[in-house]
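Student: Next come the chains, spelled out residue by residue.
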Amino acid sequence: METIIRTKGLSRDYMVGAQVVHALRDLDLIINRGEFVAIMGPSGSGKSTCMHLLGCLDTPSSGSYELDGEDISGIGPDKLASVRQRKVGFVFQAFNLLSGANAQRNVEMPLMYGAVERESRRQRASEALDAVGLSDRAHHLPAQLSGGQMQRVAIARAIVNRPSLLLADEPTGALDTTTGQEIMNLFRDLNKQGITVILVTHEEEVANFAQRILEFRDGCLTSDRSRQDVLGMQSL
Amino acid sequence: MKFSDTLFSAFSSLRSNILRTVLTTLGIIIGVAAVIAMVGVGAGAEQRIQGVMDTLGSNVIFVNNGSSVSSGARGGAGSLISLTEEDARALQEEGDAILVAAPSIRTSAQVINSSRNWFSSIYGAGSGYLEARGWDIVSGRTFTSQEERSPTKYAIIGQTVATQLFPEEDPIGQMIRIKRVPFMIIGLLDEKGETPWGGDQDDVVFIPITTAKTRITGGDRFRGPFVQSITVQASSAGEIMEAERQITEILQRRHGIKPGQPDDFTVRNIAQMVTARAQSERIMSILLASVAGISLLVGGIGIMNIMLVSVTERTREIGLRMAVGARPKDILFQFVLEAVVVSLIGGLIGITIGLAGSIAVARVGDWPIVASPIAALLSIIFAALIGIFFGYYPAYKASRLDPITALRQE
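Protein sequences, first through last, are from chains A and B. Counted from 1, the first sequence has number 127 at position 127 by the numbering used here; the numbering is strictly sequential. Counted from 1, the second sequence has number 147 at position 147 by the numbering used here; the numbering is strictly sequential.
Chain B on its own, in the form it takes in the complex (with noise of 0.2 Å):
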């Protein structure tokens, strides 16, 4: 018998029975669309947050001071300042796992041009932190070493802070004052998006550190060489962890803390940041993975059931098939292919099930929704592997069936 006519045999075996041919797949549709959604959610989710730790820089790793204790009282993160520019200088120098590591502080302020005004961040850091960031300018030019050593009133400004002060024109050349300092704008930065937490990176003012200590900040805690933190990037992705161990080495040493001693400072990488994230997709991924293997382990149960009746339902016309000059390898293929006909049926509707509801959790979760072309092919082979396998018993009972007792079946 050839392909094509077994194929046809199937399918109108099927369509007699619709109800019960849904039913059936029932639990092919479940696992499948579960397999579908679960890698559709993990890898959406996946490239989620490989963007968000792409806006923050590569290899990138946050140093910033410790906690102070007075008479018993601990100051909480920050409250003990004891990083310099000299530290992010000698970091640069010493570590070889380190690429570069730019001091910053950051303060906020009214920045006014002559008809608007914005409340914005104000970072004193140099080009150094923007090249840690990994943050480009789009037009203009970013700071001279020169400019970032005495306190020239220049000033780089991100996307969000252009568009408030300048909706029409462009901000290159033109004039802000952030308390009562002009500056002028030497360049426009690239556009960064949401910080994993939400916050607007692009709502940003980056002016010399030493123009932001003695005009902006003065006053303030970051006196002389102190600053709030320092940015370093890793050499590479594999060198943060050294990068870390190098930078905690120079800075105890700098600090003359002795081994058993609290360190000033904090070290902490985005890789730690975003793990805890990455953390509650994965669990949802096991989730659906269970729930995916026991629908198809049950789906294919059965199929292997209703086969069974099936084939017991059909006796005579399997002993019909049989005298008209079917061989029993002929009828075996057929019940096969009427199981693997199900199963495939069950996996095209539990794919388009799984990508609509990867597509709804996606806008849920704002996520890329990521359509896996091979896990759509896997499934399908999955699916029609089960097929073969739970209804390979009943087609070879069938298939066993002697014509003459099969004929005289009521």
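With the rest of the complex left out, here is chain A (with noise of 0.2 Å):
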């Protein structure tokens, strides 16, 4: 299996005022291509310190990161944008599209960044909704579609520079129970297909999608279990 998130100790400290904040202590972390992780605890337990480094939004204090074969450990904020813009999709609970450009276009942005030539851009926006089942839509603005509609299109977004890791933060947690399974379905779908997934949530239903799942606890990992029963049946 090829590793695809190696951890060594990796550690984030704030300073609050005058006092140290562990918000995430000696993490020591695999995680293979094609896995799908459920990262759960409750506030305050370190998860969304350890999304934000995994998705190289943040630096950590000490240990060393390896993303997909690149060390991650003390590099500037330019290459960690294009770590991001290269390796890294994120859905987020608020879905964060833009509000005015219709679906096409708030799929096609990552891909601005990337310097993509328009016509090959256009063309992996229109494959990344057509992956997500909303072509027929492309050309609505977010106003006009639903939340479980929107968080496709997040979704899509994430996805459309083929990224080694999907980062989802809470993607269910602004939309109702059933078109939150639509979307867990979809991520299960798309992790068949064989993008790395990672799941931030406080739901049990929501991590039950995962193969495997962790759990924080004051900024330390407390349980790191498969869930093959779910695989079990999956198999059947």
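The hints are simulated quantities; they were obtained by calculation from the structure and are not laboratory data. Among the clues, some could well be false.
List time: in silico BS3-like cross-link candidates among lysine-lysine, alpha-carbon distance up to 27 Å [what the hints assert, rightly or not]:
id, chain 1, residue 1, chain 2, residue 2
1, A, K79, B, K397
2, B, K2, A, K79
3, B, K329, B, K2
4, B, K397, B, K329
5, B, K397, B, K2
6, A, K79, B, K329
7, B, K179, B, K153
8, A, K79, A, K8
To give an idea of the interface, some chain B residues facing chain A are shown, with a C-beta separation under 8 Å as derived from the structure [stated by the list, open to error]:
id, residue
9, D5
10, S12
11, S13
12, R316
13, A323
14, V324
15, G325
16, A326
17, R327
18, P328
19, D330
20, P403
21, I404
22, L407
Think of the CB as a built atom: it goes at the ideal place given N, C-alpha and C, for glycine as much as any other residue.
Two chains, each in its own frame: build the complex with the hints.
Tutor: The structure is reproduced here in structure tokens:
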């Protein structure tokens, strides 16, 4: 199995006033290509910090991080942005679509920062919208879409640059249960096509879509278990 | 990120709030409009003044009779007749900064041909006068020096007189009568247009000065050698002051005026005549320049203000763009470009309004419309610089945002 994430002693400290807060302590983690991982934990447990570090939005205070063969520790903001552009796709709870741009343009946006030509940008955005089942909504503005559809656009935007890693932060948090289920099914389908998915959630139901569940408490990884039963059921 | 893409996103985010964009650019619009109007009005007025000065003749100095004093009552300009034809000759010969010095007398009279008549100015003056004024003959010929010296009955007429008396025929060779004296027209003058004070320079008949004195103004004030004025042309624009000095010196010597005594003549050049008029246009230019400067400054601050608001409002968008791979400099460039686009839109609208304004002013002031491409170009460049200068700080703030905090913003 090909390793896609490898951290060693990964830590992140914040200064709050004169006090040091250890948001994440000494994380040693290996995730392989094609895994579907859920990160769980109560608020303040360090799961968000972990996601930010894995998504290259933040830099660790100590420890090392290797993403898809690239050493991330200690590189500057420009290089970090470039790594995000090439290797990471983000899905947020609040969708974060640009209200003035239609679905197609929203999906194309990450490719602009990769200096992809206009024609191929359009092509790839259409493919991504197709993959989330929204080809017929390409020219709708976010305001003309339902919550589930907006999240699908956001997912299309996250996969359009063919990332090594798809990171989702509470992707069903703003959706009703049925729509949430649909979105989770979409993540599972994308995972089956070979995309590595890491999901941050505090809902057991959502986490159950994953094959592997990591639990955090007080900045430490406290549990790392595989859901063989889910896989077993699927293989039936 | 490619430039065209950045430009496109700048336009789309500005389009999403058109009213705000227009209000933001208002200061720039007014500033640039004022610059364009200022340059247009200033250049137009200057051209007109130059044009008027040119019709009077280049480097021309007018020497007139002075004022008489009789038992304490001063008679006013021209009341003391002291200038003579000899003075004119002396000026031309002795003053090395003087190209031509031509005597003239002027009166008004009814000019009659067989079927029409017209009241016009009659100048007793020779070809020297026409030369000093830079006045060409368009058809026929000027006086010969012999004709000027003897009381010959030849006349040269201006365009207005020609139109009034000979609307359909060629005036050359035709006869006219002035105070019952018949004259043959030998020349037709080129069109001169208006004087700075609005008179018609073409409403004129020239006859030799000797003829004027003996046959037309007979018994008038200009008897014997005396003349009404001497028109002098300096050898060059730079020699006008020197020519004036020489005129004063030569005439004071010839008229026996001792130091401290008032001159019995006046010397005036065209530059002095139009200076007053140019002054008012200059004041208008200064006014417009101040309006322009203040508006551009206020406009720039307005842009900065609105860009700061925009950065705050769009914090999440900035966070998102960073999350999908925008580098800090991409964000910086995007916001600076937005500010520049706003300024440029303002600049273009301002140029349009400024041009419209200067055309309107030119119509009212009756001077040529002067559109200056250089002023337009400079305004555009300046507007862009304002956008960069005042847009930089908000854009810098945006580029320094932490993506995590930015994404969390409500």
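Student: Checking each numbered hint in turn, tell me which of them this model violates, lowest number first.
Tutor: none
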